[in-house]
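Participant: Here is what each chain is made of, one letter per residue.
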Amino acid sequence: MTANFDNSATTFPKPESVRRAVSTAMVRYGGNPGRGGHSLSAAAGEQVYRVRKTAAEFFGAEVENTVFTPNCTYALNMAVKGIMQNGGHVIITCYEHNACSRPVFALAKNGRARFSIANIYEDTDRTLDELSALIMPETKAVCCIIASNVTGRIMPYREIAELCRKRGLCFIADGAQACGILDLKMSDGFNFLCTSGHKALYGPSGTGLLISDGQYKLSTIVEGGTGATSSELDQTPYMPEQLESGSVNTTGIIGLGAGIEFVRRKTPAVIRAHEKSLCELFENGLRNIGGVIVYDEGSERVPITAFNLGEEHSDRITTLLNEEGFALRGGLQCAALVHRTLGTTEQGVVRFSPSAFNSREQVRRLLAAIQKIKRKI
Amino acid sequence: MLLFRKKRKRTVDRMENFNMTGTYIAMTSITYAMKAKDILNGLGYFCEVTRTPKNMGSGCGYSLRIKDNPDLITAQLDRHMLPYKGVFRP
Chain A
1 MTANFDNSAT TFPKPESVRR AVSTAMVRYG GNPGRGGHSL SAAAGEQVYR
51 VRKTAAEFFG AEVENTVFTP NCTYALNMAV KGIMQNGGHV IITCYEHNAC
101 SRPVFALAKN GRARFSIANI YEDTDRTLDE LSALIMPETK AVCCIIASNV
151 TGRIMPYREI AELCRKRGLC FIADGAQACG ILDLKMSDGF NFLCTSGHKA
201 LYGPSGTGLL ISDGQYKLST IVEGGTGATS SELDQTPYMP EQLESGSVNT
251 TGIIGLGAGI EFVRRKTPAV IRAHEKSLCE LFENGLRNIG GVIVYDEGSE
301 RVPITAFNLG EEHSDRITTL LNEEGFALRG GLQCAALVHR TLGTTEQGVV
351 RFSPSAFNSR EQVRRLLAAI QKIKRKI
Chain B
1001 MLLFRKKRKR TVDRMENFNM TGTYIAMTSI TYAMKAKDIL NGLGYFCEVT
1051 RTPKNMGSGC GYSLRIKDNP DLITAQLDRH MLPYKGVFRP
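Chains A and B, in that order, give the protein sequences. When you number the first sequence by the numbering used here, it's gap-free, plus one each residue, and the end is 377. When you number the second sequence by the numbering used here, it's gap-free, plus one each residue, and the end is 1090.
There could be a bad hint or two in this list.
To be verified - Within a straight-line C-alpha distance of at most 35 Å, the following computed DSBU-like cross-link-like pairs (lysine-lysine) qualify:
#: 1; chain 1: A; residue 1: K185; chain 2: B; residue 2: K1054
#: 2; chain 1: B; residue 1: K1054; chain 2: A; residue 2: K376
#: 3; chain 1: A; residue 1: K185; chain 2: A; residue 2: K266
#: 4; chain 1: A; residue 1: K109; chain 2: A; residue 2: K185
#: 5; chain 1: A; residue 1: K109; chain 2: B; residue 2: K1054
#: 6; chain 1: A; residue 1: K276; chain 2: A; residue 2: K185
#: 7; chain 1: B; residue 1: K1067; chain 2: A; residue 2: K166
#: 8; chain 1: A; residue 1: K185; chain 2: A; residue 2: K53
#: 9; chain 1: A; residue 1: K53; chain 2: A; residue 2: K140
#: 10; chain 1: A; residue 1: K109; chain 2: A; residue 2: K140
#: 11; chain 1: A; residue 1: K166; chain 2: A; residue 2: K109
#: 12; chain 1: A; residue 1: K166; chain 2: A; residue 2: K185
#: 13; chain 1: A; residue 1: K266; chain 2: A; residue 2: K53
#: 14; chain 1: A; residue 1: K217; chain 2: A; residue 2: K185
#: 15; chain 1: B; residue 1: K1067; chain 2: B; residue 2: K1085
#: 16; chain 1: A; residue 1: K109; chain 2: A; residue 2: K81
#: 17; chain 1: A; residue 1: K217; chain 2: A; residue 2: K140
#: 18; chain 1: A; residue 1: K140; chain 2: B; residue 2: K1054
#: 19; chain 1: B; residue 1: K1085; chain 2: A; residue 2: K217
#: 20; chain 1: B; residue 1: K1085; chain 2: A; residue 2: K81
#: 21; chain 1: A; residue 1: K53; chain 2: B; residue 2: K1054
#: 22; chain 1: A; residue 1: K217; chain 2: A; residue 2: K166
#: 23; chain 1: A; residue 1: K217; chain 2: A; residue 2: K81
#: 24; chain 1: A; residue 1: K276; chain 2: A; residue 2: K266
Claimed, not checked - Derived coverage of chain A by chain B (criterion: at least 3 residues anywhere in the stretch with Cβ under 8 Å from a Cβ of chain B; other residues may be distant):
#: 25; segment: 39 to 49
#: 26; segment: 170 to 182
#: 27; segment: 224 to 230
To be verified - Across the chosen pairs, the derived CB separations fall in these ranges:
#: 28; chain 1: A; residue 1: G343; chain 2: B; residue 2: H1080; range: 52 to 58 Å
#: 29; chain 1: A; residue 1: C94; chain 2: B; residue 2: I1039; range: 41 to 47 Å
#: 30; chain 1: B; residue 1: D1038; chain 2: A; residue 2: R265; range: 19 to 25 Å
Just so you know, the hints here were simulated from the structure itself, not pulled from any lab data. What you are looking at is a predicted structure, and each value in this text was computed from that prediction instead of being measured. C-beta atoms are modelled at their ideal positions from N, C-alpha and C, and glycine is treated no differently.
Given only the sequences and the hints, what does the whole structure look like? Please build it.
Facilitator: Structure, rendered in structure tokens:
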């Protein structure tokens, strides 16, 4: 069986509790939540509310400010476009995933907003100075990834949040790689925290969260049925339904609830320590192999290792590793800006991203496979 | 045989508007309705979430069915900043 070291894309396997929850949801909670007064709808509605409460508590948010989305990309689009609806200027960083940079670029391309890209430096003060210098009178928001999906590098998100607070800017955070690994709370200074549910929160694919601190009201980018105020043609103004048009992914949400419970019980700190120890084992092994470049090696990172074997294209390495029974991600990891920053747009990088379910033995076998490939190329 | 145990505190004040069908408080969303139910049940009040009866609201919606003094309940909703649309008696 293939050993999955591409958990930054989606964690697999999922905890047994998640599998059970999804199975139960398919059998018992088939009603459409919030869409009727009958018992099937009510039972599903109770379950969705229970998960909403679990997620809200996990991130220190109010339940009505906790919105279910299909993934982190949707959450980021909703936040960025919702804030920039009437134009203005937004700042992003050179470490953004395309989920942030593409909606911002699309707004600019259509003449609806302007944007600037801030560099991230090892020196946090220098990063903050650059961000400050980019702020204009029409700047409305800063959108920043918390931890890079390519190298795992952790951004100075608390300091950026503080800068935004002082300058009266909305801070939109992309927590896709950080939620479930770092102990993140809305009190860290996020106005919007966007995350996927299927990565380090261990929920099923097709789940995500958009969590707000309630300070900013988003314009909607999707309107439709919400199960409330149905006689009105205006979108319901009440959260979270205002941002959840159409039927929600009940099965996925119930699975996500079990995933968050799994993380809460283990704690993000314990999961991170386990994965970090696997990354350390892996990086020590890479050093022994030689001829390997590890990116952002000296930075504080979530447990991700981005590397290359000499000049070899990353996709060739991951193809060969797949033949050896290991799933790692090559190429650009949907992060054009990061690869421009790293100078790896042509080669890409190989990304190693373990989960709570990977073992040291699997890492040792992976290192042996890399050694074998190194001899071959 | 004891079939169920009610947590509700039976004070005279809280029971003064009690009737068999209860009173409805129309909520703005199912999430606020569920949150209100959580809070009110936690305070010992009877409260259940139900579809807003047809003659009480415009369009679809959810209500709290309560059996206690509606003034006490709405005071709690205000205290917890839970928006509601109105209080109805069938």
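Participant: Now tell me if each hint is right for this structure.
Facilitator: Verification of the hints:
1. K185/A <-> K1054/B: 41 Å, violated
2. K1054/B <-> K376/A: Violated: K1054/B and K376/A sit about 74 Å apart, past 35 Å.
3. K185/A <-> K266/A: Distance of about 17 Å is within 35 Å: holds.
4. K109/A <-> K185/A: 34 Å, holds
5. K109/A <-> K1054/B: 48 Å, violated
6. K276/A <-> K185/A: 21 Å, holds
7. K1067/B <-> K166/A: 48 Å, violated
8. K185/A <-> K53/A: Judged against 35 Å, a Cα distance of about 14 Å means the pair holds.
9. K53/A <-> K140/A: 30 Å, holds
10. K109/A <-> K140/A: 18 Å, holds
11. K166/A <-> K109/A: Given that 35 Å is the threshold and the Cα spacing comes to 30 Å, the pair holds.
12. K166/A <-> K185/A: 19 Å, holds
13. K266/A <-> K53/A: 19 Å, holds
14. K217/A <-> K185/A: Roughly 19 Å separates the two Cα atoms, so the pair holds.
15. K1067/B <-> K1085/B: 18 Å, holds
16. K109/A <-> K81/A: Holds, at roughly 13 Å.
17. K217/A <-> K140/A: 13 Å, holds
18. K140/A <-> K1054/B: 43 Å, violated
19. K1085/B <-> K217/A: With a Cα-Cα distance of about 21 Å, the restraint between K1085/B and K217/A holds, given a limit of 35 Å.
20. K1085/B <-> K81/A: Given pair K1085/B, K81/A holds - Cα atoms ~30 Å apart, limit 35 Å.
21. K53/A <-> K1054/B: It holds: about 29 Å lies between the C-alpha atoms, which stays within 35 Å.
22. K217/A <-> K166/A: Cα-Cα ~19 Å, so holds.
23. K217/A <-> K81/A: 12 Å, holds
24. K276/A <-> K266/A: 15 Å, holds
25. 39 to 49: It holds: at least three residues are needed, and the segment 39 to 49 of chain A offers 4 whose Cβ sits within less than 8 Å of chain B.
26. 170 to 182: violated (count 0)
27. 224 to 230: holds (count 5)
28. G343/A <-> H1080/B: 52 to 58 Å: 53 Å Cβ-Cβ, so the 52 to 58 Å window holds.
29. C94/A <-> I1039/B: 41 to 47 Å: Distance hint for C94/A, I1039/B holds at roughly 45 Å.
30. D1038/B <-> R265/A: 19 to 25 Å: 22 Å, holds
The structure fails hints 1, 2, 5, 7, 18 and 26 (numbered hints given earlier, in ascending order).
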